[in-house]
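There are 2 protein chains.
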Amino acid sequence: MAEAAANGDARRGGVPRPTNPMVTPLLTDLYQFTMAYAYWKAGKHLDRAVFDLYFRKNPFGGEFTIFGGLEECIRFIANFKFTEEEIKFLRSVMPTCEDGFFEYLSSIDCSDVEVYAIPEGYVVFPKVPLMRIEGPVAVIQLLETPFLSLVNYASLVTTNAARHRLVAGKSKNLLEFGLRRAQGPDGGISASRYSYMGGFDATSNVAAGRLFGIPIRGTHSHAFVSSFMGLDEITDKALTSSDGSSKCEDFVSLVQNWLIKIQDSSSLRGTFGETSQSELAAFTSYALAFPNSFLALVDTYDVMRSGVPNFCAVALALNDMGYKAVGIRLDSGDLAYLSVETRKFFHVIEKDFGVVGFGKMNITASNDLNEETIDALNKQGHEVDAFGIGTYLVTCYAQAALGCVFKLVEINKQPRIKLSEDVTKVSIPCKKKCYRLYGKEGYPLVDIMTGEDEPGPKIGERLLCRHPFIESKRAYVVPQHVEELLSHFTSGASIPT
Amino acid sequence: MAEAAANGDARRGGVPRPTNPMVTPLLTDLYQFTMAYAYWKAGKHLDRAVFDLYFRKNPFGGEFTIFGGLEECIRFIANFKFTEEEIKFLRSVMPTCEDGFFEYLSSIDCSDVEVYAIPEGYVVFPKVPLMRIEGPVAVIQLLETPFLSLVNYASLVTTNAARHRLVAGKSKNLLEFGLRRAQGPDGGISASRYSYMGGFDATSNVAAGRLFGIPIRGTHSHAFVSSFMGLDEITDKALTSSDGSSKCEDFVSLVQNWLIKIQDSSSLRGTFGETSQSELAAFTSYALAFPNSFLALVDTYDVMRSGVPNFCAVALALNDMGYKAVGIRLDSGDLAYLSVETRKFFHVIEKDFGVVGFGKMNITASNDLNEETIDALNKQGHEVDAFGIGTYLVTCYAQAALGCVFKLVEINKQPRIKLSEDVTKVSIPCKKKCYRLYGKEGYPLVDIMTGEDEPGPKIGERLLCRHPFIESKRAYVVPQHVEELLSHFTSGASIPT
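Residue numbers (numbering that gives the first Met the number 0), protein chains in the order written: chain E, 0 to 496; chain V, 0 to 496.
Hint data in this document are derived by calculation from the structure and do not stem from the laboratory.
Take these hints with a grain of salt, some might be off.
If chains are identical, the list can't say which one is meant, so a pair holds when it fits in one copy or spans any two.
Said to hold, decoys possible - List of simulated lysine-lysine pairs, DSS-like, C-alpha gap at most 30 Å:
(1) Lys430 - Lys457
(2) Lys80 - Lys378
(3) Lys260 - Lys40
(4) Lys246 - Lys40
(5) Lys359 - Lys236
(6) Lys236 - Lys87
(7) Lys378 - Lys169
(8) Lys359 - Lys87
(9) Lys430 - Lys40
(10) Lys80 - Lys323
(11) Lys56 - Lys457
(12) Lys430 - Lys126
(13) Lys472 - Lys171
(14) Lys424 - Lys343
(15) Lys171 - Lys424
(16) Lys80 - Lys457
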């Protein structure tokens, strides 16, 4: 736990440490250290190297990716320093290495490392470097694994969230509910953070809400419902009205009376019989605890024959006391059908009892939702206002990894290439500049790469853009606006936002 | 970063804190707190509840799961306590809640929580609780999300590792190389830990090696190879022999001479021409740095026409100096074919130059390996001794989540059930005992659950075992050995091993 203690000191030189205290210079592959030693032995460790961090293919069979993880990379290099305990451990792992190497390791930080990066949250495309990292080759190699570890999942889940937003549409509320199914605790925390970056509205994850200022949402589970036996468990039955002007001494009876009225209403008579008293007790208790934000999970027993009527009875009782209930959550069954039937029920209540707005009550849906199921719901027609999405979002179930790589493109100003029989795996050598070209309407047209010393594209000048590997992919473009994509960061830089 | 600081104190009451300092009581869903408040308001928060943690279906279309994550759960409850900052944050999230509730939260720990769990690392099956958790309902609900977060991925990746071990066979070395593609930093660290639990031999992840005492492996990457221009970059060319008795002043020339001998050998003449000098320089440098553990990545340029001949030249030069090279790594191309051709090459070297054992040189393969590709390699025939597995192992690509759930089965000694139209989602009520029954040969036959107060199975007595939902699945068993599966842990317990 030495890392934790070390990281308890929250920042060095003004830049906070990585969010997860486990992100230390040891969080890398052993071969980065064995290579560093071989470079050192060969006197090459200070050779100036340029690496590109990029991916080869958009995830999820899609046409775009969103870049996440940059801030954590900058935090990492800004605080990069081995502790004595870490050096001691490395000595034990590499016992044949000379002392001088460990003295060198002890001395290094990232003050001579320069990062050029596309802004976090930008749409990005294959082959174009998200980051260009320059510095002494031995140091840059040590950064490869942590950088990839910090960028790959962050970008993947941000992209996944954005895809869910696209399919759900702008008007829906999207809630990230994935902590329990995420790949470990900080898989969950990162998922919350980067889902928010990708367009979600809120998370259920309290720790992530605290760390990143994300709105937090949540009400109750099935266990809460089934933990109640019946209404006689409720001992404190009093509820003060919303404006404080009156007090209902027996809110339970108020709820029970409303349930009878609903059962007897001409439009609803016969649509349901006796509802679950366990559920009614749970809803009533929850409303007594949170009269201002009553949202009930209605599928523990039977949505239309128990959950929705029970919810309406409690919501109408709250209405009598000046409170406006929020709505319901569906967590199983045919969500399209149930949401439509529930909406109808709400409209009947609004009409029969003259409660303006009751028909617009919020309907949240959860239960293994993903892009495809939301798309299917859209096609079927539904009345869902908010989607709670867990497993498929946070684990990126449709494609659980983004394949960012970190390739040497130049050393001591000499271009370097990695060959492969698979042309998509050939690296593009040389230090590059990257530009996003915009057209007349202000929309981006294409991202291009040039050599470091080549002249950049000029506004209004026709330019031939060529695909690096596919001869037939080429196009003339006349940019109306040119954006240089890579911004400069050093280990002393302030955090990009 | 307050958590990190708090967690810098490594243990409380003898049990270490969770490995990841981000695992705090706030790492849970908001609804656990809103429910806790509603329980507290209703005076039900101390009701004695029993929850089962279990999964419904084995992952990867398989027939078994391996339970991981228990130790972290015990660490979590042993150190469960809210900090003042955490309480302050919760007040800001739930501003309508009464002060008394936050005083209650401040007071709680897990001293009245009891956990009954199957040993970590055991093979486990659907529906049988991995853990039974008993205690005050409000406290147990707070544990739901962190427990699931700690168990789901741990069990999934342990199972995935075990499946890779089964397909690779006992004789192969399995190396976990997944940190860069894992779902975030502790996805990587957990993957290393639980892959080792599932039967892997080593990891590339230095931090995980340090935290959990896992053997660490690694040599060099493509970037190391392409960072060298040629042999003239090597300035310190001397190598002392393995026994210290002699010194070769120009190891580079020794390598070059061996390369010429290989090129000119009657069996190999014409199979390759000029090899990459960049690669030869990299291999020679690496050998000078690690003469005792020389393993070379041979596919940067061309495996059979450059990588393998270059490796052999360096290995033979090392042999002259009394060192035994380890072998090669293949990271692209047709691994079956290349491993077979490489093995032939090694055998020719052994025969032509009389170097005993050269034919048995280690061949490691990597590059997007998984269960299916290893199975395909087995069917094709290959000469691989060790597999380095990353993405597919650590992200559990074939199924990125295990669906463990946490269901209320009893409260105040009353059985509780969650109904569902989907029979597989119906919870099995009541506090249970779980037994593993073994047959004559010592192999386990079946796991069974009984009610807490039912008599357990007896050795030698015929017992009718019935599937809880599928009437036709039943069998008579005469156990020769009965193992009670759930062991008792409390928050003051020592860590299970």
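Out of the numbered hints, which ones does the structure contradict?
2, 8, 10, 13 and 16
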